[in-house]
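**Q** These protein sequence lines are chains U and V, in that order.
The opening residue of the first sequence carries number 1 in the working numbering; numbering runs sequentially from there.
The opening residue of the second sequence carries number 1 in the working numbering; numbering runs sequentially from there.
Any given hint might turn out to be false.
[Unchecked claim] Only part of the chain V face toward chain U is listed, based on derived beta-carbon distances under 7 Å: (1) I55; (2) K87; (3) M91.
[To be verified] Some chain V residues near chain U, calculated using beta-carbon distances under 8 Å: (4) G110; (5) H114; (6) M115; (7) R118.
Note that these hints are calculated values from the structure, not bench results.
The C-beta atom is built at its ideal place from N, Cα and C for all residues, glycine as well.
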Amino acid sequence: MDAVEVHRHSFQRNRDWYIDQFVQHLVFLAGISAIVLIIGIFFFITKEGMAFLFGDVSMSEVFGSMFWEPSDEDAPDYGILALIAGTASVSGLAMIVAIPFSLGAAIFIAEFSSGTTREWLKVLIELLAAIPSVVWGFIGLSILNPLIIDLFDVPVGLNVLNAGLILGLMAAPIMTSIAEDALKAVPDRYREAAEAMGATRWQITFRVVLPAAKNGLLGAVLLGVGRGFGETMAVLMATGHSVNIPGSVFDSVRALTATIAAELGETARGSEHYGALFAIGIFLFVITFVINLSADLIVRGVKES
Amino acid sequence: MSSDFAIAATNVNFWYGSFQALFDVNLKIRRGKVTSMIGPSGCGKSTFLRSVNRINERIDNIRIQGSIHVLDKNILDPDVELVQVRKHIGMVFQRPNPLPISIRENILFGYKIHMSTRASKRQQDDIVEQALQQVLLWDQVKDRLHHKATGLSLEEQQKLCIARLLPIKPSVLLMDEPCSALDPKGTEAVEELIWELHNTFTILIVTHNMAQARRASEECIFMLMGKVMEHTPTQEMFVTPKKQETADYIEGKYG
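The shape of chain U in the complex, shown without the other chains (with noise of 0.2 Å):
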């Protein structure tokens, strides 16, 4: 036969048209939301804050008087400079803590392991950053407190170290992750390149892959901070909750998101302290902005290059 099968085109929008549109607008709804949500919470804190904050008590002294006393009937006071001074000093100890871990437990698992010992490696890393913060927390309380009461002979274990550590070791699991994963960025060719001139394994990671890594790393080590100085419920249990300037690491601390944790609770509504507390909250969202905003930029500054 030679007749020539005649097809029917349709310029109309059909079916898919409709199912495309749908999820463009469900997916632009999803990812909106996440945003409205993020400032919603940020005024909603800032109008709660704000008060305090252009009200009687003096910025000069919330932030250069050391004595926290909120609750005294006659003369309050809302010092958070011992509670700033907590929170740096245990953040401190724990990138102490953290940094060799994390790095070296990065650079590990990338460059030195293969095979089953690093998916062995990397699932037990993702295990420790799912444990719970409380848990943190409660293992702080029960097995460092008089671990470090018997080896230290100090009178109190829940002191800077005891929630340095604890925060330290909370830190490092996420700092691995993303440690590892500004190392494996390095394009293999380097590796490859190096190791066919005849450089060790240890000269390619210190000589080549380090250099190259340095933003990504740089980046894992401030979202480690960045979760530092937000972190509460470990912070708060394993600190000994005085307020302090610490003069050494044996001496009990407490932290500025632990104190709003403690106290909200106990505040009326609209009053001042309620207020101060709020107040802190701005701060410690201004800090762990600035941080988590400095690591982005440090990542993906890393990705551009």
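Keeping the supplied structure of chain U fixed, place chain V upon it in accordance with the hints.
**A** What follows is chain V alone, placed relative to chain U:
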């Protein structure tokens, strides 16, 4: 064994997992000559090249049998130290792969790894200049030695990759399609460079480009399906190939 040969492979069989890529390869590569390896994709020429400095062993699950003597030492012997193998056998890759450090540090990389004594700044300067002069790159880059090597053009990068092998004075250079990422001008420049170097080094070069093999090599090896089909002086191969498969391949009947 005669020391006329820089590389002597005897009965080399090679497997990727259960796939056999080389079958009883016997080859003798002459010292101080440029030898090219041609053949269609998957014929095993790169596999052989990458066995000579054992960079193949980066991949898991490979197996090799036979012996490959380089400078009268079987590099497959268990007592051979890979670092030393790679010090004596330099490699240039298909895609230029300078390290993401400065031009100067790229040149000094191998030197710093292999030389136990620390060179003074002055000596290092000399090493860098000499290596870059040798690959005809000095004039272009002498004012930006501290710039990142990855910012150079592909042709310059590939020349740099050759230059960085020179300070450790290897005796064999392996080149895995060194011009395939370059434009015709870059190809010409790198080929000229290879020709410049061929008296000092034994050069084994894998290429897809038959014109290049013809222009830039003295001996030519044709491989097919993991086997060596023919190994003759280049002119002979292109003028009077002995085997029908060789004739068909160089006429472009398959590739």
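**Q** Tell me the hint numbers this structure goes against, listed in increasing order.
**A** Failing hints, ascending: 6 and 7.
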